[in-house]
Amino acid sequence: MLCSTRFALPAIRELAFFNILAAVAIPRHCDEMIVNTDVVLTGTGIPVIELDKETFAGRILEAIEENEVNLGLVMTFPYQIPSSVYDVPSKGFYNIHPGPLPQYPGNDPVFHQLKNKEKHAGVTVHKLDEEINTGPLVMNEMLKIDPSDTYDLLTTKLANLAAKLTGILVKLVSFDIPIPSRPQN
Amino acid sequence: MKTGVLYPRSNAHPGMMMDFVDGIKSALHYHQLDHHVQLITESIGFGGNEKEVYEKAEKLLVLEGVDILVAYVDLRVLEILKPLMYSSGKLVLVVNPGTNYPTNWVPQRNIVNLTLQHSFLCWLTGKLASQMNKTNAATATTFYDCGYLHIAAMVNCFVKTGGKITYNYVNNQRYDDAFDIKPLTDYLSADKETNSLLCVFDSLPAALFYSQLNSYNRADSLHLFVSPMMLEQKALEKMADRYKFSIDGYLPWHSSLENKSNHVFLDSYRQQTKRDGTVFSLLGWETGLILKEVSLHGDENYLNGAEIAGRLANGKINSPRGEMKLDAETNYFITPVCKYSIKQNSEIPGVEWMEIPQKEWTGFVDDPIEGVSSGWTNTYLCY
Chain A
1 MLCSTRFALP
11 AIRELAFFNI
21 LAAVAIPRHC
31 DEMIVNTDVV
41 LTGTGIPVIE
51 LDKETFAGRI
61 LEAIEENEVN
71 LGLVMTFPYQ
81 IPSSVYDVPS
91 KGFYNIHPGP
101 LPQYPGNDPV
111 FHQLKNKEKH
121 AGVTVHKLDE
131 EINTGPLVMN
141 EMLKIDPSDT
151 YDLLTTKLAN
161 LAAKLTGILV
171 KLVSFDIPIP
181 SRPQN
Chain B
1 MKTGVLYPRS
11 NAHPGMMMDF
21 VDGIKSALHY
31 HQLDHHVQLI
41 TESIGFGGNE
51 KEVYEKAEKL
61 LVLEGVDILV
71 AYVDLRVLEI
81 LKPLMYSSGK
91 LVLVVNPGTN
101 YPTNWVPQRN
111 IVNLTLQHSF
121 LCWLTGKLAS
131 QMNKTNAATA
141 TTFYDCGYLH
151 IAAMVNCFVK
161 TGGKITYNYV
171 NNQRYDDAFD
181 IKPLTDYLSA
191 DKETNSLLCV
201 FDSLPAALFY
211 SQLNSYNRAD
221 SLHLFVSPMM
231 LEQKALEKMA
241 DRYKFSIDGY
251 LPWHSSLENK
261 SNHVFLDSYR
271 QQTKRDGTVF
281 SLLGWETGLI
291 LKEVSLHGDE
301 NYLNGAEIAG
311 RLANGKINSP
321 RGEMKLDAET
331 NYFITPVCKY
341 SIKQNSEIPG
351 VEWMEIPQKE
361 WTGFVDDPIE
371 GVSSGWTNTY
381 LCY
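Protein sequence lines, in the order shown, are assigned to chains A and B. Going by the numbering used here, the first sequence wraps up at 185, each residue one higher than the last. Going by the numbering used here, the second sequence wraps up at 383, each residue one higher than the last.
Hints may contain errors.
[As the list claims (entries may be wrong)] In silico DMTMM-like links for lysine to aspartate or glutamate, alpha-carbon gap of 25 Å or less:
1) B:2 <-> B:370
2) A:171 <-> B:347
3) B:244 <-> B:347
4) B:164 <-> B:79
5) B:59 <-> A:176
6) A:144 <-> B:52
7) B:182 <-> B:220
8) B:260 <-> B:329
9) A:171 <-> B:307
10) A:119 <-> B:42
11) A:171 <-> B:52
12) A:91 <-> A:146
13) A:115 <-> B:347
14) B:82 <-> A:62
15) A:164 <-> B:367
16) B:82 <-> A:32
17) B:90 <-> A:176
18) A:119 <-> B:300
19) B:2 <-> B:220
20) A:171 <-> B:55
21) B:51 <-> A:118
22) A:171 <-> B:42
23) A:157 <-> B:220
24) A:144 <-> B:58
25) A:144 <-> B:367
26) A:164 <-> B:323
Just so you know, these hints were derived from the structure itself, not from any lab.
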């Protein structure tokens with residue numbers, strides 16, 4: 001799991017609970033996320049790997065090999081992942097994005113959905129490709145934005161939704177079938 | 001129009017799926033669409049094996065290339081099918097008794113839901129118990145029935161409107177002499193303040209439950225608020241013995257309903273199958289009516305399920321239950337409902353039809369299940 005914000009924490013907790021999380025990799029500058037993830041994973045033996053921008057791709061490849069990773073997940077990760085990395089896990093590499101696609105690519109879609117006074121906010125799962133947030137869509141789920149939702153509260157709700165979608169993705173992968181997807185319009 | 005149908009089977013209700021599929025065929029035949037709408041069916045066991053259901057759905061959508069998929073599945077299994085349905089983009093009609101309901105009602109736009117509204121009717125029943133000034137109630141259900149959210153809907157609404165649950169009774173679910181409600185009657189004997197029961201049983205154990213409760217020496221002080229299956233004919237078969245307690249609840253449909261669509265349904269279904277209509281054949285018939293609407297306005301282009309769902313939301317369908325409409329906020333069909341009452345020592349029920357209870361439906365949707373819940377994955381009644 002590659003991540004940088006607390007959006008990933010419920011999914012990390014769930015994957016760790018079911019003992020199917022190999023490792024978590026976080027950019028070194030995201031100190032708070034590293035501390036939070038360490039707390040969530042205390043006692044599990046699951047490594048938290050700190051990444052530097054210049055060397056992250058090589059370090060991820062090492063981690064994939066060391067931990068026999070067959071499925072890669074990304075949840076808010078600031079660096080573009082090259083195909084030499086996302087092509088390696090046998091079951092694929094997927095991004096869980098806190099916004100509907102193609103409407104809300106890019107940084108901080110939670111903020112932009114609120115700013116645009118959307119009625120609904122969503123989480124989208126897509127396969128990784130050469131560009132950021134442009135890969136084929138696997139699933140999307142929307143939830144109602146409550147008038148009292150703050151940025152933090154909506155992020156928490158979307159993080160819980162992301163954990164649910166991650167669980168569905170992992171279950172589908174366990175069926176050993178091609179994961180259905182469709183291109184973004 | 002090529003239509004795929006995923007259907008489960010049931011040991012408890014062996015006629016269920018034949019009724020459902022024959023209901024679809026009857027509606028299509030009545031509307032002279034049986035040559036235009038081609039049905040391709042796949043059995044999915046009890047509907048609880050996610051991988052099996054997924055593979056059958058994939059076969060229909062990908063290999064058979066159906067234009068529309070009708071999936072008689074419960075919501076827990078539906079979750080795993082959603083990516084497949086999302087990638088296909090085609091219209092999916094999910095059919096089930098409605099004993100589970102989503103924690104998040106915002107729909108995937110190409111999926112519409114047709115149900116018997118069981119959770120909603122249970123929610124209304126919980127509200128009714130409060131409105132009748134019942135403050136203390138015990139719940140009574142079975143090991144199987146409590147694995148679906150209809151009981152939560154009834155209890156949550158009762159508690160939120162001022163009621164208090166004093167005792168929870170889960171039955172051993174043996175359908176023979178070992179069927180036992182003694183723990184419940186022992187409790188009721190000790191707590192004279194609890195005279196109301198919130199009950200959720202399938203029709204088979206319901207008949208045994210009524211029968212044993214009728215022998216309880218304080219049965220005449222009890223008022224039962226019950227789930228829809230407890231008001232089915234099979235559950236009430238011994239009503240002629242006259243129950244000492246009162247019963248109230250809601251039904252999605254009743255054969256006695258006086259409207260043209262109901263007469264057409266019952267007459268056509270009987271003519272074509274030599275059997276009487278049931279709630280399951282009703283679901284099939286309504287599925288046929290929806291397929292009719294889709295086929296009449298589809299212009300042979302069925303690739304955009306979300307667009308077809310949008311069109312369905314702009315129209316109304318004359319169902320045997322009355323005027324049925326698709327709620328665009330949730331993509332659930334909502335229908336009129338039937339309030340059903342049996343006074344103590346009476347065998348003549350009171351039946352009252354209510355037009356689509358839009359305000360109550362909105363109240364139900366705005367009252368979500370909170371926290372984590374667990375339950376059976378198979379489709380309700382398929383066991």
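Hint by hint, here is what the structure shows:
1. Between residue 2 (chain B) and residue 370 (chain B), the direct Cα distance comes to roughly 40 Å. Violation of the 25 Å bound is thereby established for this hinted pair.
2. As the CA atoms of residue 171 (chain A) and residue 347 (chain B) are separated by approximately 51 Å, the hinted pair breaks the 25 Å bound.
3. A threshold of 25 Å between alpha carbons decides the hint, and for residue 244 (chain B) with residue 347 (chain B) the separation of about 11 Å falls inside it, so the pair holds.
4. Between residue 164 (chain B) and residue 79 (chain B), the direct Cα distance comes to roughly 33 Å. Violation of the 25 Å bound is thereby established for this hinted pair.
5. In summary, the hint linking residue 59 (chain B) to residue 176 (chain A) is supported, as the alpha carbons are separated by about 15 Å, within the 25 Å threshold.
6. Restraint check for residue 144 (chain A) and residue 52 (chain B): not satisfied, since their Cα atoms lie roughly 32 Å apart, outside the 25 Å limit.
7. With a CA separation close to 17 Å, the supplied pair residue 182 (chain B) and residue 220 (chain B) stays within the 25 Å bound.
8. Our distance criterion of 25 Å between C-alpha atoms is broken by residue 260 (chain B) and residue 329 (chain B), whose separation comes to about 29 Å.
9. Under the criterion of a C-alpha separation no larger than 25 Å, the hint pairing residue 171 (chain A) with residue 307 (chain B) is inconsistent with the structure, at around 30 Å.
10. The hinted pair formed by residue 119 (chain A) and residue 42 (chain B) fails the criterion: a straight-line CA distance of about 38 Å is larger than 25 Å.
11. Under the criterion of a C-alpha separation no larger than 25 Å, the hint pairing residue 171 (chain A) with residue 52 (chain B) is consistent with the structure, at around 13 Å.
12. Pair hint residue 91 (chain A) plus residue 146 (chain A) does not hold up; C-alpha atoms about 37 Å apart against a cutoff of 25 Å.
13. With a C-alpha separation of about 61 Å, the suggested pair residue 115 (chain A) and residue 347 (chain B) falls outside the 25 Å cut-off, and the hint is violated.
14. Simply put, residue 82 (chain B) and residue 62 (chain A) have alpha-carbon atoms about 34 Å apart, too far for the 25 Å limit, and the pair is violated.
15. Under the criterion of a C-alpha separation no larger than 25 Å, the hint pairing residue 164 (chain A) with residue 367 (chain B) is consistent with the structure, at around 21 Å.
16. Annotation: proposed proximity of residue 82 (chain B) to residue 32 (chain A) is violated, straight-line Cα distance about 35 Å (limit 25 Å).
17. Only pairs whose Cα atoms come within 25 Å are accepted, and residue 90 (chain B) paired with residue 176 (chain A) is accepted, the gap being roughly 24 Å.
18. Between residue 119 (chain A) and residue 300 (chain B) the alpha-carbon distance is near 33 Å, which puts this suggested pair outside the 25 Å criterion.
19. For the given pair, residue 2 (chain B) sits about 55 Å from residue 220 (chain B) by alpha-carbon distance, which is inconsistent with the 25 Å threshold.
20. Proximity of residue 171 (chain A) to residue 55 (chain B) is assessed by CA-CA distance (about 14 Å); at most 25 Å being required, the pair is judged to hold.
21. Note on residue 51 (chain B) and residue 118 (chain A): the hinted pairing is violated, with a Cα-Cα distance of about 36 Å set against a maximum of 25 Å.
22. Only pairs whose Cα atoms come within 25 Å are accepted, and residue 171 (chain A) paired with residue 42 (chain B) is accepted, the gap being roughly 23 Å.
23. Only pairs whose Cα atoms come within 25 Å are accepted, and residue 157 (chain A) paired with residue 220 (chain B) is rejected, the gap being roughly 49 Å.
24. A hinted pair counts as satisfied when its Cα atoms are at most 25 Å apart, and residue 144 (chain A) with residue 58 (chain B) does not qualify at roughly 30 Å.
25. For the given pair, residue 144 (chain A) sits about 14 Å from residue 367 (chain B) by alpha-carbon distance, which is consistent with the 25 Å threshold.
26. Annotation: proposed proximity of residue 164 (chain A) to residue 323 (chain B) is violated, straight-line Cα distance about 36 Å (limit 25 Å).
The structure is inconsistent with the numbered hints 1, 2, 4, 6, 8, 9, 10, 12, 13, 14, 16, 18, 19, 21, 23, 24, 26, although it conforms to all the rest.
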